[in-house]
Structures are given as C-alpha cells and as structure tokens.
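Enquirer: Here's the letter readout for the chains.
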Amino acid sequence: MSDPLAIFDLLLAVAIVALALATLSVRDLFAAIVLFVVFGLLSALAWVRLSAPDVALAEAAIGTGVTGALLLKTLHHLRHVTGTPERAAMRGMTPGAPVPMPVIWANAAFCGLIALGLAVAFLGAPAAGPGFDALVAEAMPRSGVEHPVTAVLLNFRAYDTLMEVVVLLAAVIAVWQIERGLSEAPAPVLGEVFEGFARLTLPAIVVLGTYLLWKGAEAPGGAFQGGAVLAAVGLLLLLARLYVPQPSHRPLARWAFVLGTGAFAAVALLVTGGGRVAFEYPAEHAKTLILLIEGVVTISIAVTLAALFHGREPVAMAPGEAPAASRSGEARDAG
Amino acid sequence: MTPDAMSLALFVPLFGAIAAFVLPRAASVIGLVAVLATCSAVAWLAREVMAEGSMTVALGGWAPPLGIALRADGLSVAMLAMTGAVGLLVSLGALDALRDARQRQYFWPLWLLLLTGMNGVYLSTDIFNLYVMIEVIALAAVGLTVLSGTRAAVQAGLEYMYASILGALLFLLGVGFVYLEAGRLDFAGLIAAEPSAGLSAALALMVVGLLLKTALFPLHFWLPAAHANATAPASALLSGLVVKAALYIFLRLTTYMPLPDEIVITLIGALGAGAVLWGGVQALRAERLKMLVAWSTVVQIGLIFIAFARAGQVGLSESWKAAALLILAHGVAKAGMFLAAGRIRTEVGHDIIADLDRSAIRPTLAQFTFALAAISLIGLPPSLGFIGKWSLMEGAMAAGYWHWVVVTMIGTLMSVAYFSRVFAGFLRFDRMKGELAEHKGWAIADVAPLTLAFAAITLGLMAAPILSFIELGYPFGAVP
Chain A
-4 MSDPLAIFDL LLAVAIVALA LATLSVRDLF AAIVLFVVFG LLSALAWVRL
46 SAPDVALAEA AIGTGVTGAL LLKTLHHLRH VTGTPERAAM RGMTPGAPVP
96 MPVIWANAAF CGLIALGLAV AFLGAPAAGP GFDALVAEAM PRSGVEHPVT
146 AVLLNFRAYD TLMEVVVLLA AVIAVWQIER GLSEAPAPVL GEVFEGFARL
196 TLPAIVVLGT YLLWKGAEAP GGAFQGGAVL AAVGLLLLLA RLYVPQPSHR
246 PLARWAFVLG TGAFAAVALL VTGGGRVAFE YPAEHAKTLI LLIEGVVTIS
296 IAVTLAALFH GREPVAMAPG EAPAASRSGE ARDAG
Chain B
8 MTPDAMSLAL FVPLFGAIAA FVLPRAASVI GLVAVLATCS AVAWLAREVM
58 AEGSMTVALG GWAPPLGIAL RADGLSVAML AMTGAVGLLV SLGALDALRD
108 ARQRQYFWPL WLLLLTGMNG VYLSTDIFNL YVMIEVIALA AVGLTVLSGT
158 RAAVQAGLEY MYASILGALL FLLGVGFVYL EAGRLDFAGL IAAEPSAGLS
208 AALALMVVGL LLKTALFPLH FWLPAAHANA TAPASALLSG LVVKAALYIF
258 LRLTTYMPLP DEIVITLIGA LGAGAVLWGG VQALRAERLK MLVAWSTVVQ
308 IGLIFIAFAR AGQVGLSESW KAAALLILAH GVAKAGMFLA AGRIRTEVGH
358 DIIADLDRSA IRPTLAQFTF ALAAISLIGL PPSLGFIGKW SLMEGAMAAG
408 YWHWVVVTMI GTLMSVAYFS RVFAGFLRFD RMKGELAEHK GWAIADVAPL
458 TLAFAAITLG LMAAPILSFI ELGYPFGAVP
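Respectively, the protein sequence lines represent chains A and B.
The first sequence: position 100 = 95 (my numbering), numbered continuously.
The second sequence: position 195 = 202 (my numbering), numbered continuously.
Calculated from the structure, these hints are not laboratory results.
Since we're looking at a predicted model, the values are computed, not measured.
Hints are not guaranteed to be accurate.
Ranges of calculated distance between the beta carbons of each label pair, as one might list FRET restraints [as the list claims (entries may be wrong)]:
#1 LEU65/A / ILE359/B: 35 to 43 Å
#2 ARG158/B / VAL94/A: 14 to 22 Å
#3 LEU24/A / ALA405/B: 54 to 62 Å
#4 VAL310/A / ILE172/B: 25 to 33 Å
#5 ALA70/B / ALA92/A: 49 to 57 Å
#6 ILE172/B / ALA278/A: 35 to 43 Å
#7 ALA92/A / GLU294/B: 14 to 22 Å
#8 VAL310/A / ALA70/B: 42 to 50 Å
#9 TRP409/B / LEU265/A: 55 to 63 Å
#10 ARG109/B / ALA92/A: 42 to 50 Å
Glycine is no exception: its CB is placed at the ideal position from the N, C-alpha and C atoms.
Extracted from the complex, chain A is given alone in its bound form:
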C-alpha cells in the first residue's frame, strides 16, 4: 500500500460501487440522477486509469453529459405530467398496480442466474486476453491515420461504426415518430447567471469539440466524443431559448440527421471497383476520406443528440389541441 496510485485506484473502485448502490437505492429520482452523473464521471476516471482515454472521453461526454441531461429533462417532463395526484387523475392515469410476489421471485431467480453466469465468465477469463493489439500494430501503416482507436473505428471495422451511426439515426426517427402533439413541460425560468454562462461557454465548447474531432486522427478523441461535446452547444441553445425549433426547420434537420450516415455509406460504396470492395479506401486518400467521414459524422451526431434532447418533432399545433395546463409552454415555444 505504499504506491499512492494503488490507494487512489482502490478508493476509486470503492467509490464507484458505492455510488452505483446509492443510485439504485435512493428513492428520490432527482437525487438518483445526480448520483448517476457522479458515478459516470468517476467511471470516466477509471477508464483513464485503465489506459483507455477514448472510452473515458466517450463516457464523460455521452454516458454522463448527454445522458444526464436527457434524464433531467425527462424528470422535468414527468413531474409536469404527473406532478400532482389531481393532474394524474385528470389525464386518466392510474398508479401502477403492485407487482405480484411470484413475479418478483421469478425475476430475482432470473437475475441470480445471470449474475452466476457473469461470475463464472469473469472468474474464468484470463487477466489479459490476446486481443487485436498485434494485428492492429501490424496494419497501422496502411490505415491512413496514426491513432489505433481511430484506425479500428474508421478503417479496419468501419462497417460496425457506420451501423452505430445508423442506430443513432433510427433512434431519432423513432423519437420524432412518437410525438403525437403531446405538450411539452413549460421551460424553467432561467436566471441571468445561466445566460452569462451560456455566452461564456458556447465559444469554448465549439473550439473544444472541433479540437477533439481533429485530434482524433493521431490522439484520443474523434467523431463520437467531438459530436457529443458539440451537442452540448445545442443543449445550451435550446435551454437558453436562443434557438427554438420551428416546423419550417424540419427539412434542414432531417438532412442534418442523415448527413453522417449518408456520406459515410456513400464513401464506402463509391470506393468499390478496380478490385476494391466496400470500405476499402485507396491508400493515398485514406486519411482525407477518414477525416471527411469523421467531420460529417460529428455534425450529424451533434445535431441528432441535441434533437433527442429536444425530444420531439417540431410540428405546428392547431389552437386548442394542446392541453390548457401547458399552453403557456406552447406559447413560448411558438414565440
């Protein structure tokens, strides 16, 4: 126990497990979200200690930042919808029936089995598996980039990455589709502090996000991390009402959502021919193409995450369609 880093690691591990337990056991949803965000930040730190800075950046930006914002927004909306028993009754909502004991026991048995499987898999796993390290190192010179993680994500296994971007596209289409003229919770009143904060931080975030994207070619960073940081710009703009989504903006938003997927897939397909298969970038253009793909994918990820935070397709609402309780929020939306 003389190594200070070992003590730090031990404290970190204990804190992460304790925070996870606290997140699950606390009754107040707001407290649970705050604990979850702290849990995410410490997990990001753990990834750094495990020498996985790319994962740490992704965990901090997406797993904690954007997810935390989404959870808080959902909680705000939930409290607006089911805030008081009268309002819940007005909307014809019944409190959920208690889960029968046999179901609870069956679930517990199922979870126990899963935990057993996890334990066996964990205890049986070698401490350091063989992995792809040697293969990646050997193929690096032909990848067009200097950072191994970027080489894997955008070249060796670019097909997986394209499909992950497709997952995000499917998510935003599904979310837009669910919108049925439901009213949005009225936006909270923002103080002067927030506006000042937004003015100060917005330019810094834009620079930071672009830097993360640019550095991705040779150092940790890249499209997903950069996109998530840039999405924070969208979140701040939406929260500060500096930008209010309008029905007329929909075509542009649709193009922004599909830009990354479309360009990525188009490049993958256009490079075929002359003995090359899909995703096989010509060696001399590999770096250019990878940077191009990362750039457009970053834009799409940023816009998509911000749209997921907004949570609805901005549709024109006929007067009287919105429930009276939230008309004020709608009026502000339209104005």
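Got chain A; can you put chain B on it based on the hints?
Expert: Here is chain B on its own, set in the frame of chain A:
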C-alpha cells in the same frame, strides 16, 4: 463503383431509408423501389451462391479477425430471400393499410432501417457486428411497434424496448467475455477457441440475450402486447420477420460454439414445450383476434426450439434443417395472417373474436386468407408448416425421443382448437343482425396477404429444392 451483391443488399435499403426520411412526401414510392431493388440484389446473390456454394467478402479489404467479413451461404440467402419477399408483400399491403399521413411518412424509413439490420444479421460473420445489427433492428422495431400511436401500443413498445435492450446488453456482455477468452470476434475464432468454463458462461450470456429477443417462454412476456397493438403491416413484420433474426443468430452460434451438451439441449426443448403449451392456453383464452395471432407466434417460436432439440446432441447436424424450415414457414404464414387480421379488423370495425359472428359484414377473401395461413401454422399437408412439423417429428421418432412428438401433437391439437374459435366466427350466421353483406370488403388490399398465405401452402410442394438450397455452402459446421 462496382459493389458486390452482399454490400448492395445492405446499402440499398440503407440509402432507401435515408431518401424516404428526407423526402417524406415521396416516402411510399421510394420505399417500394428500395425494397424491390433489395430483392433484386438478393436474387443476384442467390444466383451466385447457387453457382459457387458460398460467398465471402472481407469489408475494407481487412481479413478477419481484424476486419469484418460478410458471408452468404444457402441458409443466409434463404433468410434474405424470405425477408425480402415477405417484406415486399407487406410493403404492398402497407400502401392500403396505412391511412394516416404521419404513419405513412414514418413507416418507410423505419421499415427500411429494419431491413438493413436484418440483412446485416444474415450476412454477418462477427459477433460484435451482430450486436450492432440487433441494436439497429431493436430501435427500428420499437419505432414500428408504436406507429399506431395508441396508448396500449406505446406502453407495449416501451416494454418491448426494455426487453430488447436488456437482451442486447446480455449479448454484449457475452461478446466482451468471448473476446477476452478467445481474442477474436469472428466465427472462425469461436471454433478455434479453447473450450473452458469461462467461454461457456460467456456464450450462455449471449444465448440468454437472444432467447429474450426471440421471446422463448418464459421470456416471451413482452411479445403478445407489442405484436397485437401495432398496426397490421408492422405486426406482420415484427411477428413474421423480426423475431427470426435472433433465432437465426442462435442457430448459427450453436454451429460455432463448443457443442452444447445433452442437458442444455433438453432444457431448450423443454422451454419450447412450455411455450407451446402456455401459448396455446393463452391463445384459447384470447379475446381479440390479433392477440390470438400474437400468442400463436409464441407457440411457433417454441415449436422451432423443439425442432432444434428433437434428436439431442447427436442429431443436431440434421435438426437445424427442421428448425430452418419452420422458421421460413412461420415467417411467410404469420405475415399473411397478421395482414389478413388487419383487413378483417378494418372491414368489420373490431377484432373481438366472440362478436365476429354477429357482424353482417363478412370480408370473405380476408377470412379465406386467414384460414389458408392457419392451415400452414396448424401444420396440415401440403403446407410448408406441415413439412417442418413432419421433419421435426420424424427426427424425434428416429432418435426415440417420443416426448417431443407428444408435445408437438398436443400443440397441433390446441392450434386446431384456437383457430377453430375464429373459423366459427367466420362461418356462423345465426347470431347475425341485419342484412348479410358478404361481398363487402373484397379489395385490392387482399392481394398481398392472400399471396403470402397461398405461398405458405404451395412452398410445401417445393420442400425438396428448399432443403437442398439451405444446405448450400454447408451452413452447419462449416468454417467461414
């Protein structure tokens, strides 16, 4: 630009989805063209596979295990063809079934993304890639589930999403541990891996995730509500096609993992038997037509797992064919049946089984379609369902596993009973009020379900060519 057939089967629906999303007014036209073009790519691929036996493309020019290879053999092309053909007919049905502009606008991009994901699963040779693909399928499928916009559908969709994400996470956890054990993610790496308790546990996690996604009893809890409350074309896609993706992965994985022992196979068969019996009872009790059809999916999934387990470990190298036949038969028949149920509901105005015989409106053609699809699902000759059930029982009898024969027979009798409830509603006229309007409801929209139901029957006559086709490239036990 000269892409190969496999890449086209992935990229055509993807570009179709993008185009249908950014040009919502032309979504139907774009969607139909994209599905047709995907079918052409699959047909081209089928020709190549028939000539070559199997095809492999290492994407990006990076050979596995570093890169990801696409591989097509008889089984995967059969799944692609079933998905494409059923999808095309359901698309035609959707043209009429989706009356709401908003539904039409969102159905096509979601369905084309679903098609991309399913084609990706059938061509994949990499377990991490399979994880990404089942995530694409899951999100698109949840979007389709809630397309009808009713409160019940949104609630069922949320439950479906929880189950689906939990299943995918279990699968991913398993993939992580397999990577740690074997150091690779491709199928060939799974074959080469040293068998160990840790590897078995990792594979078990993946299988449990898949069973949750394919809704094998007792992990079926999310399926009936999700499939019954979606709009008819979405139900047809979800029940006929989506659950098959996880089933297919399960079938493939059993090829590449250290062979499961007798106890595990018997357990899987026992869960299948539970699905057949429990699903049968629930279908007998169902009040609504679509709910009955959804419970029949739970039964059929159970039957497919019994087919897998019919002859134990020794017979596994033959049993997968019986399972594959049942998968194809159910995909075609169930899509037709859900579309027909949707037509009946549209024409009659409700789908309460007990009140079907009170209605003066009898959409005869849709009812006929429903009965044809039921013939295949019950397993009457000469349908494809009959061939599948027959090869299940034949194998079980040859291996001396009579208990599987008994369960299958009980399941068949129960399916006759619950479908008869519906037929009685179609054919009784004595409780009817008002003038009979028998011919009301013959519509061009009946063409798609009728074609599907008719195909479920006639494909049984082509069982021999289908069987020899799915064996092309030795899907079971071949190193990719």
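Enquirer: Against each hint, give a clear statement of whether it holds in the structure.
Expert: Here's how the hints hold up against the structure:
LEU65/A and ILE359/B have their C-beta atoms about 40 Å apart, which keeps the hinted 35 to 43 Å range intact. For the hinted restraint 14 to 22 Å between ARG158/B and VAL94/A, the CB-CB distance of approximately 20 Å keeps it satisfied. Checked against the hint of 54 to 62 Å, the C-beta distance between LEU24/A and ALA405/B comes to roughly 58 Å, which is consistent with it. Remark: the range hint 25 to 33 Å for VAL310/A to ILE172/B is upheld by a beta-carbon distance near 27 Å.
With their beta carbons about 55 Å apart, ALA70/B and ALA92/A fall inside the hinted range of 49 to 57 Å. The hinted range of 35 to 43 Å is satisfied by ILE172/B and ALA278/A, whose Cβ atoms lie roughly 39 Å apart. A beta carbon spacing of about 20 Å between ALA92/A and GLU294/B agrees with the range 14 to 22 Å that was offered as a hint. Separation of VAL310/A from ALA70/B is about 49 Å and conforms to the stated range, judged on CB atoms against 42 to 50 Å.
With their beta carbons about 59 Å apart, TRP409/B and LEU265/A fall inside the hinted range of 55 to 63 Å. Range check, ARG109/B to ALA92/A: about 32 Å between beta-carbon atoms, so the 42 to 50 Å window is missed.
Hint compliance for this structure: hint 10 alone is broken.
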